[in-house]
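In the order they appear, the protein sequences are chains A and B. First residue of the first sequence: 0, per numbering that gives the first Met the number 0; consecutive thereafter. First residue of the second sequence: 0, per numbering that gives the first Met the number 0; consecutive thereafter.
The set of hints was computed from the structure by calculation and includes no laboratory data. Misleading hints may appear alongside valid ones.
One-sided excerpt, in silico: chain A residues whose CB lies under 10 Å from chain B [said to hold, decoys possible]: (1) T29; (2) R226; (3) G275; (4) T336.
Model, not experiment: these values are computed from the prediction. Glycine included, every Cβ here is placed at the ideal spot set by N, Cα and C.
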Amino acid sequence: MNKFSFHKPLITGVAIAAMAVSISAVSAETIKIGASAPKTGPLAGGSTVSYWPNVKLWVEQVNARGGIKLKSGKAKIELIEYDDRTNPGEAIKNIQRLATQDKVDFILAPYGTGFNLATAPIFAKFNYPLITHTAITDKIDVLTKRYPNIFFTLGSTTAFSVSVVNILKKMRADGKIGSRVAMVNVADAFGIEMANAARPVFKKEGFEIVYDKSYPLGSPDLSPVIRGAKASKPDAFVAWSYPPDTFGLTAQAKVQGLNVKAYYTAVATAFPAFGGKFGKAAEGILGAGGINPDEAAMKKYFAAHRKVTGKTPDYWASGMVYATFQILEKAIEGVGTKDRKAVINYIKNNAFKTVMGPIKFKNQNNEKFWTVGQWQGGKFYGVSSTGRPGAKSINAKPKW
Amino acid sequence: MDIIIIGMLLGGAYALMAMGLQLQYGVARIMNLANGEMLVAGSFAAFWIFTGYQYSPVLSIVIVAPLAFGANWLIYKIFMRPLVKRAKSEGQLEVDSILSTFGQSFILVGLMLALFGGEYFSYSYLEEPFEIMGEAYELNRIIAFLFSAVLCGSLYFWLNRTRLGLTFRAVSVNAEAAGLVGINVPRAAALAFGIGGAVTASGGALLSMFLTFDASVGVIFTMKALVIVIMGGVRDIRGTILIAFVLGLAETAVASLIDPGLTLAAAYFLFIIILLFRPEGLFGRRSV
Numbered sequence: 000m001n002k003f004s005f006h007k008p009l010i011t012g013v014a015i016a017a018m019a020v021s022i023s024a025v026s027a028e029t030i031k032i033g034a035s036a037p038k039t040g041p042l043a044g045g046s047t048v049s050y051w052p053n054v055k056l057w058v059e060q061v062n063a064r065g066g067i068k069l070k071s072g073k074a075k076i077e078l079i080e081y082d083d084r085t086n087p088g089e090a091i092k093n094i095q096r097l098a099t100q101d102k103v104d105f106i107l108a109p110y111g112t113g114f115n116l117a118t119a120p121i122f123a124k125f126n127y128p129l130i131t132h133t134a135i136t137d138k139i140d141v142l143t144k145r146y147p148n149i150f151f152t153l154g155s156t157t158a159f160s161v162s163v164v165n166i167l168k169k170m171r172a173d174g175k176i177g178s179r180v181a182m183v184n185v186a187d188a189f190g191i192e193m194a195n196a197a198r199p200v201f202k203k204e205g206f207e208i209v210y211d212k213s214y215p216l217g218s219p220d221l222s223p224v225i226r227g228a229k230a231s232k233p234d235a236f237v238a239w240s241y242p243p244d245t246f247g248l249t250a251q252a253k254v255q256g257l258n259v260k261a262y263y264t265a266v267a268t269a270f271p272a273f274g275g276k277f278g279k280a281a282e283g284i285l286g287a288g289g290i291n292p293d294e295a296a297m298k299k300y301f302a303a304h305r306k307v308t309g310k311t312p313d314y315w316a317s318g319m320v321y322a323t324f325q326i327l328e329k330a331i332e333g334v335g336t337k338d339r340k341a342v343i344n345y346i347k348n349n350a351f352k353t354v355m356g357p358i359k360f361k362n363q364n365n366e367k368f369w370t371v372g373q374w375q376g377g378k379f380y381g382v383s384s385t386g387r388p389g390a391k392s393i394n395a396k397p398k399w
Numbered sequence: 000m001d002i003i004i005i006g007m008l009l010g011g012a013y014a015l016m017a018m019g020l021q022l023q024y025g026v027a028r029i030m031n032l033a034n035g036e037m038l039v040a041g042s043f044a045a046f047w048i049f050t051g052y053q054y055s056p057v058l059s060i061v062i063v064a065p066l067a068f069g070a071n072w073l074i075y076k077i078f079m080r081p082l083v084k085r086a087k088s089e090g091q092l093e094v095d096s097i098l099s100t101f102g103q104s105f106i107l108v109g110l111m112l113a114l115f116g117g118e119y120f121s122y123s124y125l126e127e128p129f130e131i132m133g134e135a136y137e138l139n140r141i142i143a144f145l146f147s148a149v150l151c152g153s154l155y156f157w158l159n160r161t162r163l164g165l166t167f168r169a170v171s172v173n174a175e176a177a178g179l180v181g182i183n184v185p186r187a188a189a190l191a192f193g194i195g196g197a198v199t200a201s202g203g204a205l206l207s208m209f210l211t212f213d214a215s216v217g218v219i220f221t222m223k224a225l226v227i228v229i230m231g232g233v234r235d236i237r238g239t240i241l242i243a244f245v246l247g248l249a250e251t252a253v254a255s256l257i258d259p260g261l262t263l264a265a266a267y268f269l270f271i272i273i274l275l276f277r278p279e280g281l282f283g284r285r286s287v
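Sequences and hints are given; from them, build the entire structure.
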């Protein structure tokens, strides 16, 4: 057989496909958006709950509306996503690639404090707005002065630890607990920073830290930790923990009957999987974050999230991740072009309506955020914030 | 006393992580870096069977073990056997198998990610207190420990008292000589690799009762298993079992008596001591 009979239809097909592509490219403008976050590695468990579903949801919703409104017409989003494998080096390469090779118009902020800080210089170099959603640090002042393009939304380390202390203070004033606090932390940047920030504040407020230990990330057995904490006869238990140990500590506390009126675990307490695993036993557990799940906008967001991604968002970072995408969208529409410098300025000078409530940046920082939430009746409600309305009152934790 | 019990429970968990790798490395000579992923696959299977069909994770082993055996047997036949055939020396096979299984670990992570998604998985099964001498322990950990002990015992008995076990040990000591006395070495190696995989996946099913896992957590288990197998001596399952329990006890003692932050340090301190003074492992034979 000759070669041509085989190749001809193929070539025709390619030609048609190429034409189709060029036609669609001409007929509608697109806006290229890049995203880089973990899909594998230690942080993937968090990012696949709080980050990636929101990317999918937002892109689908915007494109269903016809795209982002620019002066030149509506532009649909073309999403380019990369896995950073929970590796800061990889994250930096991804952002570089998005900026220089893919030449995307905007980049969504990466997932996790360390990754936002690691990639901030590249975002700044190429003038991309970096609206962080999952970065908690006490260096907000320094960073916002250094990078004119960075924005913080989720809060600072000190605010988080101080509000836990304040909650315990209030419970003590109400006669619910005494002054004995058992505090543990995961031996990782987050846990160490939180424990260091909390320790002096506890002391200053007259609390006695009766147990103060750390444990390595990924410990397969946390029963010695809970055993030690229980032996110290605490009135309150505070753990600056990460997702796997938030589950592990709570399972142990339940089995060993560590009954305290105030029980706090940090990251992942707000995850739907936490409520799913512990069910009724989760009642009264305090954790980092929180939202107001009864608010109309939030209810709508939860419903849409479930419908598009098939998953329930968490009760903390999910909403904030989505809110930062809303801010970016509104800012681009406000400017009406893909001019990144103008968009950065727009974000600095305008207020935004988001699922988390109105956000207005002050010195590139959102000063009103949720700090502590509590499981009440199967939902995780914000019980403490730095100026968000709708905080529920705090209940003493019932016995396991 | 409670330190000893908690330590034994943890040791049982470590034995579940490491025994499969020992069989695969000791007999089949494959340093399987995808060991942890196989374990997580077992966890996912148990999770799926428990949440989807309400069958106990312990019972899920009935399905998990044969499936894992088949899968690992195939992996050996398709991916490992060619490496064994062309390897001129044991060292070369080790390097080749490390590279190949390292690649396989990524494939397995990708598959699990595609099937189950990347979030954390955790469920409550028998998460009830069980009292031993007035102290409460998790019932699911105790069950995992009992299974681990039974598995350790039966593997040990089987290797030492049966004909196939003898074959395995012969291949483990000297594959070439074993071939000369009429042992079908490729078959024995494939079987050992498959059984090792089945043990690891069953371990994963049991561990999933109390460990929170996600698609990419496998490497942590691989590391732990490697450390245990190397410390115990790669050729002898007794070493692996003993070290698993020593490590469990040592970590628990350090966590309870000194500081929970030092458990990893204690584990690696033991590792260094053994490497310094018995580089061939606790039960290893010095090469002549």
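Hint check results:
1. With 10 Å as the threshold, the beta carbon of T29 (chain A) stays out of range of chain B, its nearest partner Cβ sitting at about 27 Å, so the hint is violated.
2. A hinted interface residue such as R226 (chain A) counts as satisfied when its beta carbon comes closer than 10 Å to some beta carbon of chain B; here the least separation is about 7 Å, so the hint holds.
3. Below 10 Å, beta-carbon pairs count as interface contacts, and G275 (chain A) has one with chain B at about 8 Å; its hint therefore holds.
4. Checking T336 (chain A) against chain B by beta carbon gives a least distance of about 36 Å; that is not within 10 Å, so the hint is violated.
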